[in-house]
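Colleague: Residue numbers (the numbering used here), protein chains in the order written: chain A, 209 to 698; chain B, 209 to 698.
The set of hints was computed from the structure by calculation and includes no laboratory data.
Hints may contain errors.
Each pair may be met inside one copy or between any two copies, as identical chains are not told apart.
With a straight-line cut-off of 25 Å between C-alpha atoms, the simulated SDA-like cross-links for lysine to any residue are [what the hints assert, rightly or not]:
id : residue 1 : residue 2
1  : LYS438    : ILE297
2  : LYS627    : VAL548
3  : LYS546    : ILE314
4  : LYS302    : ASP213
5  : LYS412    : ASN507
6  : LYS600    : ASP355
7  : LYS556    : PRO470
So you can see what is in the structure, the chains are spelled out below.
Number of protein chains: 2
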Amino acid sequence: MPAHDLDVFFTPASVALIGASRTPGKIGYSMLENLKKSFSGPIYPINPEATEIAGLSTFPSITNVPASVDLAIIAVKAEIVPIVLNECIKKKVKAIIVISAGFSEIGNKKDEEELQKLIKGKNIRLLGPNCLGVFTKGMDTLFFPRDKLKRPPEGQIGFLTQSGAVGATIIDLISFEGVGISKFISYGNAIDVNELEILGYLGKDMATRAIAMYIETIHDGPEFIKISSKITPNKPIVALKAGKTEKGAEAVLSHTGRLAGPAQVYSAAFRQAGIIEAQTTQDLFDFAKALSSQPPLRNGRVAVITNGGGFGILSADAAIMAGLELPELSNETIKTLKNVLPEYAVPKNPVDLTGDANAERYEAALKAVANDKNIEGILVIPLVQTPELDEKIVDVLRDAKIYGKSVVACMMGGEYTIKHARRLESFGIPVYDTPERAVKALAALRDYGGVIAPSAPAAPEEIVVRKAKKLLAKKAKKAAKRRKSHKGRR
Amino acid sequence: MPAHDLDVFFTPASVALIGASRTPGKIGYSMLENLKKSFSGPIYPINPEATEIAGLSTFPSITNVPASVDLAIIAVKAEIVPIVLNECIKKKVKAIIVISAGFSEIGNKKDEEELQKLIKGKNIRLLGPNCLGVFTKGMDTLFFPRDKLKRPPEGQIGFLTQSGAVGATIIDLISFEGVGISKFISYGNAIDVNELEILGYLGKDMATRAIAMYIETIHDGPEFIKISSKITPNKPIVALKAGKTEKGAEAVLSHTGRLAGPAQVYSAAFRQAGIIEAQTTQDLFDFAKALSSQPPLRNGRVAVITNGGGFGILSADAAIMAGLELPELSNETIKTLKNVLPEYAVPKNPVDLTGDANAERYEAALKAVANDKNIEGILVIPLVQTPELDEKIVDVLRDAKIYGKSVVACMMGGEYTIKHARRLESFGIPVYDTPERAVKALAALRDYGGVIAPSAPAAPEEIVVRKAKKLLAKKAKKAAKRRKSHKGRR
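So that you can see chain A by itself, here it is in the shape it has in the complex (with noise of 0.2 Å):
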């Protein structure tokens, strides 16, 4: 009987909430009506006090559901876990999500033990504890009430993290930033499902083509890296370590109990592993949202075009600092950009259309730049609250998917610029508020670069066509012999 993977927790056929509140704002009363507003199959609410809670009813005990449940979330006292864990397990549940907290992070490892040892030997997967579950579009277990805290749109970044509150307040963030998820695993203690499996799951997920995680420590080091390696040459992996200095491994230690190593260590081990490392809480998304969408560099020559001449000179000081290069561009590409650009602006590497620039003057200056050998990655900086620029230029951006290089945009400003940011985003190409920004997500492109040469294919997309057409493949290679074996049976 091989263990259920981790599918249960976001396609269950039914859910069961233990702890299911009457109250509002209590967290079992956001958890159901987050449950309701997502997972579409049936709900059953526990609590021996109720009959029903908001339009659904509940039972007193998991065992009492007249239907199998595949899914338990526990969201009750630590002291009452155990209790209606055996419960779960009376009820044949595939999977568990363990959200209350009180275990080996407070220092209470005998109890977080027991847990253990009471699932042990069942074919029952368990999350948690001290988590917040999980969250895709038909699956949200999280006890944030949807005013408090966003949700993200459907995307290709999956996101795992130990922390849950470091978790949803990124999640929260990166919605109103207009940033996509595909799954989110927030996985606490991991007394069963931890980090490695998850990374293995997320490294196999058709949806996800980047994955994001913060951690504070990692199970088993070299498992780590041997996972990790099998994942990167296909797909990106941004980290987020916590706990890097002396004072941060030692407030590790009151947070999870465990204890986190040095820096160097795990740098070393996320290069070994090819995983990028992000250095800070906004790089996490910035690098992965670049990851997802675009185009690994090889050798990191970018070109910047911008209609404020100042972007250009802060973009050239901060790609150079990053180690990226800013080539000449080519002959050809100088004369193609003199014939759009005004006698006075002068046709180099940051290209500076003046102030002046309408969304044409952009496609042109774009569509020669692309075309230029020397050039394999493009940072675009419209400034589009100029009187010349208008919603044109979203267009003209959407569209440089075609050239197939890689290009990230910079749009600084507030209501309508941000207007305009989201809605390009939205189109796929990655859109930060300040250039330095924009040139780090270049520079991560690049670094996976390195991660991927030579010998594997250029774009994340390439790969998922790959596979989905060897999926494809070997689905009619099955279908195939079925019918034959069909044919000689007959």
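Chain B: place on chain A using the hints.
Modeller: Chain B only, in chain A's frame:
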């Protein structure tokens, strides 16, 4: 006859706009709109082809205006600038802003020198050419329409910028973030008023408590250091220098026609002058808003208080890496915290109030830590998305001012969180969206502590109060003298 000081650009008695336009979408149209929205004195639109624009009578030339004009704003084609400039001289205006571009920044030095010659010896101040002019509550010469580029609220940061585009988009971004500005000056090619004079002016400006500057080149290095050195002991200056790399300096050359020196030279000059250097666009106002509102840190001893353990770890890492200290809390503080915190929480620095903390727990912890003699600055990271926290947390943090210590906050999240962050920001507590940004701001406070130590007063607030008292005392003395001499004459 002494030259007019820069006040004339901000508080003229009357303004003429040469190049006013009837056509929406044109620069001369939105400039007039923005002038009308900001300036309460008489405005004279100059346009030889119109009789009335937007309800105001127009004049064919400034010489036809039947009243005196303090400030003339010129927004016509470069080749016409000398003609209208001559008319301004005839009209005896006190100050001129030349918005028009097309001078030394595109290699056209001859025409720029002609402008310089024209105003030589006249009692006229000129800002520009190739600039945006100024913005303050009562004067807005920016040509960006307000629906495309928001204006910041009144604040305590004076901002001077060599690049109009960079400056304008930065204020658009910070307006969105709720950061205020005392005065904004875009000085462009600086043929008369330059960064040195503006620095001196903002250094004395009572409404300005910190100065932010974006520069590509400096006119006179030794003079720059001399002027800045006089300001920084009393008022912090943050500078973002563009064109630090060879590639960036090349771009400066095509942008402004001037040579930018190597990065090290600038960094050394900044240090010598007590200027805090911003490495990125994000740093510039991240630092300025902390420096304009919080006391500097003399020794960099900080504490972190959060209800999200992971954020404590990330902040501790960032703080240590920025060279800040996270000292142990005193026995007394620990004792007090023990009364406030749940049993399982460890009262250590970073202080983890745990996920179920409410505003009252925050208040008690904040008070205990603020009263700890080991602690100079506090980073508070409330996860307002948790069910137990509500808007009361903002009031608690606002009131933290009474302890006289430096307080910065990190609030990471979407709309709901941002709403609270904006409110807190409006009370003068700087708020950042990631722990690393907040920590860098604390490090800037520590760097500034090094500039003013050991003899200068602790807080910018104190300085302003002291200066105001001095000024009042001086005025009182003068008045007494006047009264005395009156008596004598009688």
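Colleague: The structure should be examined with respect to each hint, and the outcome stated for every one.
Modeller: Hints and how they fare:
Taking identical chains as interchangeable, the C-alpha atoms of LYS438 and ILE297 are never at most 25 Å apart, the minima being 34 Å within one chain and 74 Å between chains. When the C-alpha separation of LYS627 and VAL548 is checked against a cutoff of 25 Å, the pair qualifies neither within a copy, at 28 Å, nor between copies, at 44 Å. In this assembly of identical chains, the alpha carbons of LYS546 and ILE314 lie at most 25 Å apart only when taken from different copies (15 Å versus 66 Å within one copy). Taking the shortest Cα distances, LYS302 and ASP213 sit within 25 Å of each other inside one copy (10 Å), while across copies they are farther apart (78 Å).
In this assembly of identical chains, the alpha carbons of LYS412 and ASN507 never lie at most 25 Å apart, being 28 Å within a copy and 50 Å across copies at closest. Taking identical chains as interchangeable, the C-alpha atoms of LYS600 and ASP355 lie at most 25 Å apart only when they sit on different chains, with a minimum of 17 Å there against 33 Å within one chain. In the homo-oligomer, the alpha carbons of LYS556 and PRO470 lie at most 25 Å apart only across protomers (21 Å), although the nearest pairing inside one protomer, at 44 Å, exceeds that limit.
The structure fails hints 1, 2 and 5 (numbered hints given earlier, in ascending order).
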